[in-house]
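There are 2 protein chains.
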Amino acid sequence: MSGPGPSAPAGLGEFGRIERYLRPLAAGFPGALGLNDDAALVDVPLGHQLVVTTDAMVAGVHFLPSDPPADIAHKLLAVNLSDLAAKGATPLAYSLVTGLPKDTPDSWLAAFAAGLGEGQARWGIHLAGGDSVSTAGPMNLTISALGLVPTGRMVRRAGARPGDLVFVSGCIGDGVLGLMLALGTLERPDSVGGGDYLLSRLRRPEPRLPLAPVLLAHASAAADVSDGLVADVGHIASASGVRVVIDSATVPVSDPALGLLAEWPGLLAEMLTGGDDYEVVFTAPADHRNAILAAAASAGVPVTAIGRVEVGEGVSVLDRAGQPLSLGKSGWQHF
Amino acid sequence: MSGPGPSAPAGLGEFGRIERYLRPLAAGFPGALGLNDDAALVDVPLGHQLVVTTDAMVAGVHFLPSDPPADIAHKLLAVNLSDLAAKGATPLAYSLVTGLPKDTPDSWLAAFAAGLGEGQARWGIHLAGGDSVSTAGPMNLTISALGLVPTGRMVRRAGARPGDLVFVSGCIGDGVLGLMLALGTLERPDSVGGGDYLLSRLRRPEPRLPLAPVLLAHASAAADVSDGLVADVGHIASASGVRVVIDSATVPVSDPALGLLAEWPGLLAEMLTGGDDYEVVFTAPADHRNAILAAAASAGVPVTAIGRVEVGEGVSVLDRAGQPLSLGKSGWQHF
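Just so you know, the sequences run in chain order A and B. The UniProt record's numbering puts the first residue of the first sequence at 1, with every later residue one more than the last. The UniProt record's numbering puts the first residue of the second sequence at 1, with every later residue one more than the last.
Just so you know, these hints were derived from the structure itself, not from any lab. Built from N, CA and C at the ideal position, the CB exists for glycine as well. Accuracy of the hints is not assured; some may be wrong.
[What the hints assert, rightly or not] Label pairs and their in silico Cβ distance ranges: (1) B/GLY300 with A/SER107: 44 to 52 Å; (2) A/GLY241 with B/ARG20: 48 to 56 Å; (3) B/GLY16 with A/ASN290: 35 to 43 Å.
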């Protein structure tokens, strides 16, 4: 939790901030050594492997600088835990890198840390270490999350087989609709609370951790839906060397999204490709279908079959009539 | 190795760059899954614990945007491995987050990746995963490095005991002198190659990995010298609940630094507090002294005794006459 750089004390100072706001977040993980060392120490129990995932967020790209700090903290932790969930892993600990503009007040970090604390309590994970630096540019935040899986059981993108069905958790498209509302490129829906719901799905996604054991038991391949359903299904198709067919009419959509779709049917393409859903898309043998739906229901996670795996390559999205839908793009790229 | 964000294709594009420049760096680590999944899979052998350390670098703070990309890559990897070395750990794998301005050309990433590749070959570590994002601000780069130690043996900051001696590897002060040369706040020394040497110590520090087994066998506490010798010794003193006394006349100094010191004796304070040395400072029982010097010499790492541990708190730096040196500051802070 330290590093060289120009000195510009303000408020509590770097070490004061770590002491006050970050150290309490590490109290539940002995290997964090109270953030009082150069490194954290992690035990991996016998019969387990460590799953490591890293996601960064930049102000102006992944969140708005004016977003509430607790929302930013929630999302940063959630998007990392979403990757662990999709791999069938149980959260263990995380490291945090904060790249903050020099004029960031202590109160911002206080609220950000409070948001991390809520997420930690909710998802059973603790801070293990990290670094804090200053930047002359937009705020950038990175979490590297560690999870555990039974040895040899991590659910990969590779593994989908022809004949498998494709399933997805929750609803698809809320994230991009929330983003369009936040950016003002979409009118708020008339339905009471509809806009709030979509914005909360954007800002406070819920990683599907309860689904992890269901994936370990049944899934042949999985990914979280961060780049967009079509792009993430594409990752599975490409890694598995198969073709995936999605029946768009079966893709689950929330009521607020349905309301918007009724008015602007063109939004469907955005919803299927827009990303930021943090649901899990996975494949599994067709004869596991009933067991999966039952186990997911027991875990409190809605799961829907949305397509099938075939011999071939790429992703095909079909409309109600079984004709290929034309989608302008398949997902986000940064460059 | 992906994430949502606005699309701005240029050159190879995000996935093309990962494919071309980063994937080859992951070829030697099977758990990287070819950077083709949402997470990496790490095995921790029986009887070992994982050591996790994270260091971020920001353009304009930790390096100059005009620095050669291979130098930046070298330093980013080296500063993380320096932490592993100081903990007695053996490098295993690392994850990388690149936050690049949108106009960063493919050629920059090509040279940066080549630098990482050289470092990997030199230090026996492989890329396991990460994320790539774009930023409207200065380039920011983060590595989270994973290492292995025998269970219960990690060398901590806590552990120094009154009566222990204090040792340091290599020479202290080259890093800050190199920085002053790079910034033009210090004249180039007359000695042939002296300035080049100091600049190379700043830009291409060598993590003291060969010292790790010596530390495991002998050290009671250790830290790498990144914030500055006095600050990092202070971390050990504070974590261990002891006082450390440094005899400044015994602190090893390189010939080019000695030349500058002869002309400007006031530089000593900068050298003792300036940071960016990436040497290891450690404590060990006094009766291990000969064994330590012999083992370090066998490992090819110069090691010098520079002080002692006493009952009390804080760090005292004594001059040649045994009087306390006055130092303006003890190390860098970001805020």
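Checklist entry - Any hints this thing doesn't respect? Which numbers, in order? => result 2
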